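Student: Sequence:
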Amino acid sequence: MTPTTSPLRRLLLALALGSAMLPAVQARAAETELLNVSYDVARELYKDVNPAFIAEWKKTTGEDIVIKQSHGGSSKQARAVADGLQASVVTMNQANDIDMLADRGLVAKDWAKKFPNNAAPYYSTMVFLVRKGNPKQIRDWADLAKPGVKVVIPNPKTAGNGRYTYLAAWGAVVKKGGSEAQARDLVARIFKNVPVLDGGGRAATTTFTQRQIGDALVTFENEVNLVRAEFGDGFEVVYPTISVLAESPVAVVDKVVDRNGTRKQATAYLNFLYSETGQAIGAKHYMRVRNEKVMKQFAANYKPIQLFTVDDVFGGWRAAQKRHFDDGGEFDKIYQSK
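Mapping the sequence shown onto this note's numbering, position 71 (from 1) lands on 257, and the numbers just tick up by one.
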C-alpha cells in the first residue's frame, strides 16, 4: 500500500511546482498588452491589422506584444472608455466621440494633430444594401422615404453610422439646393420607415441579413461590401448620388498608456495604420485609404461618388452633435413624433 503523502510533503511539492512555473508566469506578465476600443463594424479590419503589427513590432524591436479588442456602437464605446474601460487606443468612426474623451481629459485636446489627415487613416461613406433585384427600386435618399419602404438604420444616439446616415440624408438635400426645412422633412420620413433602431451597425446588419427585416440597410461602404462577400449574390449595393465623407479617427488614451508605460507601443500601433502595409489591409477591407499608391492598387473596390464633409454642411461635429443628437435635439424631436 502506498503511504499517504504527509501535509508537509504536499506543501513542499506545491512550493516546488510553483517555483517551476514562476518563470512562465513572469514571462506572461512581462508581455506588453494594448487594448484597442473600436466601433463594431471594424472587427474584421483589426483582426487582420493586429497580427501584421505584432509581427512588424517583433521584427523591429524584438518585443512581444498582445493586442486585445473591444467592439460596439461607436458612442457606446466612447462612453465605456470615459467610464473606466482601460483603452490604450481608440479607433472610432467619428471625431465627436474622441472629442468627448478629450473633454474628459483622457485624450489630448489636440489629438487630431497627433497623426496625419486629422488622425484619420481611413475613411468611408454611407451607401445602401438592398435585396437582389432591388424590388423597391431604391436609388437615392428620397427613395428611402417612400411609403411602404422599410429601412434598417442603427440608432444615431449610440452608433456612428446611424449618425452619419442621418447627416448624409440631411446634407444631400442641402447640397442639392434644398432648404433646412426640406432636409428635416426628408430625414423625418426616412426614420418613419425604420422598423427597429439597433444599438450598433453590426446589429443592424444582422437585422437586415439574418432576420430578413427591411428593404434597405444604410451603412458604411466597407460594411456592405463585406456583407456581399460573406452572403453572396442575395444583395446588391446601391450608391446614392451624394453622401457624407465618414472618417475613422484614432487617438492614444494618454492616461492609460502613461500609467502602463505603453505610450511608445500605442503610438507605433496607430502609426502602423498609415504604413503601406496598414493601408493595404484597410483597402482589402474596402476602407478608402490615404496612400495614393494603395488607393490606385485597389481602385476596383471603390465607385466614384460625390462626398461632402460634416464641417462643410454642419459646421463640424460639435455643432452637429449639439443641434441634432444631444437630448432634446432634432433627432429626438423627429423620432418622438414618429
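To be clear, the hints were calculated from the coordinates, so they are not data collected in a lab. Note that the structure is predicted; figures quoted are calculated from it, not measured. C-beta atoms are modelled at their ideal positions from N, C-alpha and C, and glycine is treated no differently. Just so you know, not all the hints are guaranteed correct.
As the list claims (entries may be wrong) - Here are the computed distance ranges between Cβ atoms for each label pair:
(1) P333 x V252: 14 to 22 Å
(2) A485 x A266: 34 to 42 Å
(3) A268 x D234: 27 to 35 Å
Student: Against each hint, give a clear statement of whether it holds in the structure.
Tutor: Against the structure, the hints:
no., hint, in the structure
1, P333 x V252: 14 to 22 Å, "violated (52 Å)"
2, A485 x A266: 34 to 42 Å, "holds (37 Å)"
3, A268 x D234: 27 to 35 Å, "holds (28 Å)"
In summary, the one numbered hint that this structure violates is 1.
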